[in-house]
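If you read the protein sequences in the order shown, they are chains Z and U. Residue numbering for the first sequence follows the working numbering, starting at 437 and increasing by one per position. Residue numbering for the second sequence follows the working numbering, starting at -18 and increasing by one per position.
Keep in mind that the hints are not guaranteed to be accurate.
Computed Cβ-Cβ distance ranges for the label pairs, DEER-style [unchecked claim]: (1) F673(Z) <-> I80(U): 24 to 30 Å; (2) V497(Z) <-> K55(U): 29 to 35 Å; (3) M29(U) <-> T464(Z): 29 to 35 Å; (4) A23(U) <-> R450(Z): 35 to 41 Å; (5) D75(U) <-> N548(Z): 36 to 42 Å; (6) Y103(U) <-> Y667(Z): 56 to 62 Å; (7) F673(Z) <-> Q0(U): 32 to 38 Å; (8) V497(Z) <-> E76(U): 39 to 45 Å; (9) A471(Z) <-> V67(U): 33 to 39 Å; (10) G484(Z) <-> K40(U): 57 to 63 Å; (11) P582(Z) <-> F(-4)(U): 40 to 46 Å; (12) L18(U) <-> E444(Z): 30 to 36 Å; (13) V67(U) <-> V529(Z): 50 to 56 Å.
Below are the DSS-like pairs computed for lysine-lysine, each with C-alpha atoms no more than 27 Å apart in a straight line [said to hold, decoys possible]: (14) K55(U) <-> K95(U); (15) K491(Z) <-> K501(Z); (16) K695(Z) <-> K610(Z); (17) K55(U) <-> K40(U); (18) K40(U) <-> K25(U); (19) K535(Z) <-> K695(Z); (20) K98(U) <-> K610(Z); (21) K25(U) <-> K535(Z); (22) K55(U) <-> K610(Z); (23) K25(U) <-> K501(Z); (24) K(-2)(U) <-> K535(Z); (25) K55(U) <-> K98(U); (26) K501(Z) <-> K98(U); (27) K55(U) <-> K501(Z); (28) K95(U) <-> K610(Z); (29) K98(U) <-> K695(Z); (30) K40(U) <-> K(-2)(U); (31) K25(U) <-> K98(U); (32) K610(Z) <-> K535(Z).
Some chain U residues well away from chain Z (every beta-carbon gap over 12 Å; in silico) [as the list claims (entries may be wrong)]: (33) A1; (34) C14; (35) N21; (36) N41; (37) G44; (38) Y62.
To be clear, the hints were calculated from the coordinates, so they are not data collected in a lab. All values derive from a computational prediction rather than experimental measurement. Think of the CB as a built atom: it goes at the ideal place given N, C-alpha and C, for glycine as much as any other residue.
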Amino acid sequence: MTNSDAIEYPPLHRRLYSIWYRHMRVYTRNLLSNAFPPFLEPLIFLAGIGLGLGKYIVEPVGGVKYIEFLGTGLLVTTAMFTAAFECSFGTFVRMEFEKVYDGMLAAPMTVNNLIVGEMIWAGSKGFFFSFAVLCMLSAFGIIALPSGLLAPFVGFLTGVMFATISLLVTSFVKTINHFNFYFTGFISPMFFFSGVVFPVANLPPFLRPVAEAVPLTHSVRLVRSICTNNYRPILLFDLFYIAVFIVLVGFFAIARLRKRLVN
Amino acid sequence: MATAAVTVRNISKSFGKIQAVRDLSFSVDAGSCYGLLGPNGAGKTTAMKMIYGKCTRDKNCEGLMDIFGYDPAKNELAIKYFSGVVQQENNLDDELNVIQNLMIYSRFYDMPAKAAKERIEYLLDFLDAELAEQVGDEELSNLIRVDHALNAVRYYCDDMEVLKNLAASQLEAGNYLIRQTNLEDVFLRATGRHLNDKQ
């Protein structure tokens, strides 16, 4: 009996959707505690910077008011943080403690589908978190609206990008405490030295190439240019960087996690 | 109906230097229930995992695996689509209730939402209604078997003409497990022995 000619199982997009749906349902289970903080955080930032620090920075930074400079940066750092947490601690807990993947992998999906589903979900969270910041910043007139509407899409790309690198890190991690190195050694420095809080041009010359090499710098430049209607050819390079990063790092993350999930 | 549903011939599996499964062969007739027994570490779980692609068999062995005409190395998805796997550990989401968990699994199998809801309702008739409404309850781990039954019923409805007998036996097994959520009790009734007796 050979059925090999008539293989029947859900098509790829339905499989990926079902994985996305699973994450969405678990996330929205505690909608209030999960979806409220992304809106609150930019308000705290506005109060802290607007009422406090902002007074001392009167000169324009990177050609715009400082609060606009920092605010546009926050559009993507929020996507970075949510995707990094989701695909490090989140993925590790699902894989090692809750054993959720063992159950899912008995359903019609491959490990590749599962991991790509994680990435798309992290991207969706990035989109949502960017959108939340956009809502708050545009409500206070810090970001002009029609141009700012593209920002969540950069949030999506940022989310996917940090999902790939976080999943790659997760594939190496033996105990959950190892993630501290990733966050203290990689994510936090990136927040400060990728042109979010001050322009990359202010870095010492030998550090600038490092800033150009890390992913966040490109997201920040892209989103800030979009929000300030300052389109330049270098943005094409940023998009190219993001695309190559996602494909390359994503490929290695899948290959390594596959070894871990399928013996 | 004595066609072989599962044929496994000369399969081995090594993890590094440890050989977990050596030259395993067995076959399961369609429409039958089959139990794989053995002491701890005999490779029962590994053998099961190789059937649905969670483990890959050693490439250098000249063995053969035929699961309803599919080879797990090539058609992992097709095998997963028509089989139901009850895991040893609970791996449903504790934060979600039974209905939500089953809805998620019905999506994995690409069931239309309406049909899924009807079948979940039908399946939960076997269970105490209150349990279904509870969230994150300890007893959820027992209810993972509902997933198996859901699969069995899906199978029963989709392929009635072809595999009626097999599905019926699966369904029966599914119902039985749901009614007797205490596995030890099931084992006792089936074998006349306690689970802890090593004999």
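Comparing the hints with the structure gives:
1. F673(Z) <-> I80(U): 24 to 30 Å: violated (49 Å)
2. V497(Z) <-> K55(U): 29 to 35 Å: violated (58 Å)
3. M29(U) <-> T464(Z): 29 to 35 Å: holds (34 Å)
4. A23(U) <-> R450(Z): 35 to 41 Å: Since A23(U) and R450(Z) have Cβ atoms about 38 Å apart, the given range 35 to 41 Å holds.
5. D75(U) <-> N548(Z): 36 to 42 Å: The hinted range 36 to 42 Å is violated for D75(U) and N548(Z), with Cβ atoms some 27 Å apart.
6. Y103(U) <-> Y667(Z): 56 to 62 Å: Roughly 57 Å apart at Cβ, these two residues keep to the hinted range, so it holds.
7. F673(Z) <-> Q0(U): 32 to 38 Å: Taking Cβ atoms as reference, F673(Z) and Q0(U) lie about 52 Å apart, which means the hint is violated.
8. V497(Z) <-> E76(U): 39 to 45 Å: holds (43 Å)
9. A471(Z) <-> V67(U): 33 to 39 Å: The hint (33 to 39 Å, Cβ to Cβ) holds, given that A471(Z) and V67(U) are roughly 34 Å apart.
10. G484(Z) <-> K40(U): 57 to 63 Å: With Cβ atoms ~59 Å apart, the hint holds.
11. P582(Z) <-> F(-4)(U): 40 to 46 Å: The hint (40 to 46 Å, Cβ to Cβ) is violated, given that P582(Z) and F(-4)(U) are roughly 58 Å apart.
12. L18(U) <-> E444(Z): 30 to 36 Å: holds (32 Å)
13. V67(U) <-> V529(Z): 50 to 56 Å: With Cβ atoms ~23 Å apart, the hint is violated.
14. K55(U) <-> K95(U): violated (32 Å)
15. K491(Z) <-> K501(Z): The given pair, whose Cα atoms are some 11 Å apart, holds under the 27 Å limit.
16. K695(Z) <-> K610(Z): holds (14 Å)
17. K55(U) <-> K40(U): holds (13 Å)
18. K40(U) <-> K25(U): holds (19 Å)
19. K535(Z) <-> K695(Z): Cα-Cα ~16 Å, so holds.
20. K98(U) <-> K610(Z): Violated, at roughly 40 Å.
21. K25(U) <-> K535(Z): holds (19 Å)
22. K55(U) <-> K610(Z): violated (31 Å)
23. K25(U) <-> K501(Z): Violated - the C-alpha atoms of K501(Z) and K25(U) are around 66 Å apart, more than 27 Å.
24. K(-2)(U) <-> K535(Z): holds (26 Å)
25. K55(U) <-> K98(U): Violated, at roughly 32 Å.
26. K501(Z) <-> K98(U): violated (54 Å)
27. K55(U) <-> K501(Z): Since the Cα atoms of K55(U) and K501(Z) sit roughly 59 Å apart, the hinted pair is violated (cutoff 27 Å).
28. K95(U) <-> K610(Z): The hint is violated at about 42 Å.
29. K98(U) <-> K695(Z): violated (36 Å)
30. K40(U) <-> K(-2)(U): Given that 27 Å is the threshold and the Cα spacing comes to 15 Å, the pair holds.
31. K25(U) <-> K98(U): Violated: K25(U) and K98(U) sit about 34 Å apart, past 27 Å.
32. K610(Z) <-> K535(Z): Distance of about 15 Å is within 27 Å: holds.
33. A1: violated (9 Å)
34. C14: Per Cβ check, C14(U) is outside 12 Å of chain Z; nearest 19 Å; holds.
35. N21: holds (18 Å)
36. N41: Given a closest Cβ separation of 16 Å, the condition holds.
37. G44: holds (17 Å)
38. Y62: violated (4 Å)
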